[in-house]
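So the protein lines, in turn, are chains D and H. Sequential numbering of the first sequence, starting at 26, is according to this note's numbering. Sequential numbering of the second sequence, starting at 20, is according to this note's numbering.
The set of hints was computed from the structure by calculation and includes no laboratory data. The beta carbon of each residue, even a glycine, is placed where N, CA and C say it ideally should be. Mixed in with the good hints there might be a few duds.
What the hints assert, rightly or not - Taking CB as the label site, the calculated pair distances span:
no., chain 1, residue 1, chain 2, residue 2, range
1, H, A186, D, P42, 28 to 36 Å
2, H, K198, D, R106, 42 to 50 Å
3, H, K141, D, D38, 45 to 53 Å
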Amino acid sequence: MVYEKRLDGRKFDELRPIEARAGIIKRADGSGYFRIGKSSAYAAVYGPRELYPRFLQNPTKGVLRCHYNMMPFSSVGGRVRPGGSRRSKEISMVTNKALLSVMELDDFTNAVIDVFIELDQTDAGTRCAGISAASIALADAGIVMKDLVSAVAIGVVDNSVVADLNYDEEAYDKGDVADIPFAVIPSTGKISLLQMDGIITKEQLNEAMELAQKKCGEINRIQRAALKDKFKAGENHAE
Amino acid sequence: MQNEMQKNMLKYLEAGLRRDGRKKDEWRRISVEKGVSANAEGSARVKIGETEVLVGVKMIVDKPYPDRPDEGTLMVGAELLPMSSPDFETGPPGIWAIEIARVVDRGIRESGALDNKALCIKAGEHVWIISIDIVTINDAGNLLDASALGTLAAIEDTRFPAFDGEAIDYKTKTDKRIKMNKHPISVTVWKIGKHLLVDPTSDEEEAAEARLTVASIEDGKLCAMQKGGEEPLDMKDIQKMVDMALENAAKIRKNL
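Okay, chain H solo, but in the shape it has when bound (with noise of 0.2 Å):
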């Protein structure tokens, strides 16, 4: 897929520039509002550059696992509106949105950030869910690290709902929060030819041939890690990307 405007994005990037004036690991301005929507019990904004997502969370309360009787859970979903982006229509969610969706599930439910456990209610009975739905207000790219980013800031934000053992009072907040232990940043660092990039605006995300979506705590530890797009990678590229995704994770971290 060499078309004119990827030949002008590399040329840019040979001499070291993206064509919005931006070095290969520089991020837009990147703003987290918290407490965005008055009904849900935890939400957040996440602006980068121009892209705009907006996390609520609804806390549920369900039946546990059988397997897991005194355990709560996540869950993650993400919706493409089709108000977001020409690109996007209506109707059940795409393989990019459900991409999103699990790849923000795994960064949080594998980086042991939530205890499960403290979610219980009584066990075999009533357990709480976290349910969370991510939308996007304007795609400019880099979706999927604004949803993990709002998706963490929303989670910080919720407070539980009055529940007295049969229904929960959605109109009475308590001041319970949901404890987090860790917290996962997720960066998806793109190749363009053979130039690393992150925070990728449209464009360049549909002239990236590779990507890879590295989840990391505090400590510089991975937790999931997704690879996408048509061309592999070698394992110097992976190197290179986590390294990449490390050090833009630590930048990304004081946004919280």
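Chain D extracted, bound-state conformation (with noise of 0.2 Å):
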């Protein structure tokens, strides 16, 4: 078997529409929303702000925490019981791993950056589009960092690799199926998130890692135009 053409239609290199904005919530100090296809995170940035309890905080550097999670009513299947899942514990811990390489923390002892991605809806690609979205977010805080990170899951499917699997082909069951969410660092190319499940080759992974530094770099394009968007935009900005 051969996965020869995408259940959605799609090329293999394709990914699905992207709306990226910056700045919609309004009470956070910066804010993004990444939606790819049926997949859509909302992050909110609240932050340096001062770390409770004071154990946690660190006196050489600030603390970046990411909270993932997805609301009830975002599933394809039934209800998402709230209160978090060891499933949203990783993946916020992962999150904040991918971010983290590119902060610049030195100036916030003591404090904690928080950054919230709460998902309205998915069709798989969620951390993804989460890590896309906290760093519009963050950048709208107006927090420095080196770069803008942006995210991507590739799949192998049937021996096929393709770009931004949806949920249909997560659970294709003509075939194998691999999942490999990355994290680009665009201006260096290095990876701050890599995981997989699924079965594949070396050279399946070495045509993956290249298919995502390509989209990522699409995706960061996009994300960098909400950014431009909301600070021509003005009147959002204002108080």
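Relying on the hints, combine the two individually framed chains into one complex.
This is the structure we're talking about:
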């Protein structure tokens, strides 16, 4: 079996339609929205602010805390019980690591930057959508970063390497499926999120990494455009 | 609690004005948008000024309560996401979230808007449960009224998923909808000093000493109430607040 045509008709290297916005949550210090296909993420940044309880504080630099959460009605299946799961805790942790390496936290001793990521609808690739939204939010909050992280899931469906799996492709049952979420720091090409489940060859991994670089470049341009749009619009920022 | 902000606010109110220039019974711009979350059976986004909430409905099949074998039911939850305000924290729902969910639930339940028997699939075995979740995107005041309005819109937007007697197929939405016989609208009237106002900003909520939420149906009858805030109200206050809530409910109803 060979996966010749994608279930939703996209080209192998084609992303789903993307919508990105900055500054959509007024109470937050910075915010972003990132939708790819039917997966969409809000992100809000609060801080740097004081970190409590005090023992969590780091006297040498600021702490970045990411919180990934699915809204109860966001899943393709039944209701998601609020309150976090092992899955959401792990995703929060890898999201944190994906973003941490571009952050300049030395000036924020004893403080925390909280990043809240909320998924209002999900159709695979949500951790990547969350990371892309969070990058916009951090930039919108005016927090100094070395770069704007972009993320995308690359898949291997029945031996074909494809960009941005949706749920139907993840559930494809006529052949093996592997899901490889990537976060990329575009200026250096370094990869700050890498997970994989499924069975692939080394060659397919190489192909997937190449594709992730290319696609994250596309996503990065859309993220930057969203930020520019907000500051161009001006009235969005007026209080 | 007489801080500078409150003194300033009272000064304005004495002159019949609010700090953002609105009249006491004037609402910020309201928008209601249905069908905003693809995987929910029904959903709505409500914006009142800068306040924004999302409401989603998931339809669940469960065993009925033994004393009501042929009736489905309604479940309402609210989450004040820490994303939406620096005052909200992670963790289990606080008392404000619980109050919002319960007041919204009562408004719908007690109005008789839903026909619980129409939610029965097979008596004693399977009934539909309308599971409603309210989440906040941005809190700029008046979450309760926004949540109630969003809940109504999300129920109206709901289409039942397919159910074959054993499992729900969430990928297949049928054309069947939830019939609503009535449309309860919740309006909360807030009291600051001797002034009554609706649709408060976060500052106004903080300065208020009491509030009264009144849910009412089309014919002007009341179907649920909730008094909140630290200070008690006298009977005159309550009469005025109910009148104001009813007048404003008529205005809000137009947004459905």
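* That 28 to 36 Å hint for A186 of chain H and P42 of chain D (C-beta), does it hold up? -> With Cβ atoms ~31 Å apart, the hint holds.
* Asked: Is 42 to 50 Å a correct range for the gap between the Cβ atoms of K198 of chain H and R106 of chain D?
  -> The hint (42 to 50 Å, Cβ to Cβ) is violated, given that K198 of chain H and R106 of chain D are roughly 28 Å apart.
* K141 of chain H paired with D38 of chain D, Cβ distance criterion 45 to 53 Å -> holds, 49 Å
Of the hints listed earlier, the one the structure fails to meet is number 2.
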